[in-house]
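Chemist: Sequence:
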Amino acid sequence: MRIVIVGQKWLGAEVLRLCLKRGDDIANVLAPGADGEEYDRLYAAAQQSDVPVETCERRVEASHIPPQTDLIIAAHAHAYISEAARQAARYGALGYHPSLLPRHRGRDAVRWTLHMRDPIAGGTVYWMDNGADTGNIAAQHWCHVRPTDTARTLWQRDLAPIGLRLIEQTLSDLDKGILTSIPQTEECATWEPAFTPSRLSSA
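Throughout the sequence shown, residue numbering follows my numbering, covering 1 to 203 in sequence.
It is worth saying that the hints were derived from the structure and are not from the lab. Quick caveat: nothing in here was measured; it's all calculated off a predicted structure. Among the hints, a few may not be true.
[What the hints assert, rightly or not] Simulated restraints, written as ranges between beta carbons of each label pair:
hint : residue 1 : residue 2 : range
1    : E187      : Q47       : 39 to 49 angstroms
2    : P119      : Q48       : 12 to 22 angstroms
3    : R157      : R22       : 16 to 26 angstroms
Heads up, the beta-carbon is just placed ideally off N, CA and C, and yes, glycines get one too.
Hey, can you work out the whole structure from these sequences and the hints?
Modeler: Spelled out as structure tokens, the structure:
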């Protein structure tokens with residue numbers, strides 16, 4: 001499969017390694033560049049693997065997507081993937097969100113999961129659309145939230161590995177001609193803004 005990866009940090013780098021291990025053709029990697037003297041982990045992994053890589057901070061356009069791309073994978077991506085970019089790939093764009101969508105749409109899902117004292121968390125791989133985490137679901141899995149969890153421990157122990165496994169599962173399904181696309185249940189949807197101390201003090 002010919003793939004473009006958009007993302008950063010551990011999950012982005014691990015998705016790149018997964019795709020290379022599978023034998024996928026990495027058409028392009030879009031990641032943040034250097035922060036001072038330190039490169040983002042995905043950017044560095046792409047350079048070390050000798051695959052095409054570009055810096056990308058805010059927005060992915062069709063011009064970033066090479067011809068004959070089958071799939072865009074957004075792995076810990078904070079850049080907006082435009083509709084034109086999604087349409088430039090055969091299957092569109094597959095994103096990972098660290099919540100059981102449609103619950104906790106928004107960029108700080110893990111922090112809001114803990115703030116709202118949810119006993120169960122999870123992750124969702126979904127087909128990206130023009131909305132904020134509103135696309136059809138490809139795969140989901142859940143985990144328990146422990147009383148002592150922080151956003152970091154929950155992400156590192158469970159949610160990041162869940163994302164990698166769900167992406168691998170979805171790629172394997174696509175290899176077999178299976179494309180799962182289940183609409184989200186809108187009446188169960190929640191959306192929260194960026195998680196800041198000022199918002200919490202007024203909550």
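Chemist: Taking the hints in turn, state whether each one holds.
Modeler: For each hint, the structure was consulted:
{"no.": "1", "hint": "E187 to Q47: 39 to 49 angstroms", "result": "holds (46 angstroms)"}
{"no.": "2", "hint": "P119 to Q48: 12 to 22 angstroms", "result": "violated (40 angstroms)"}
{"no.": "3", "hint": "R157 to R22: 16 to 26 angstroms", "result": "holds (25 angstroms)"}
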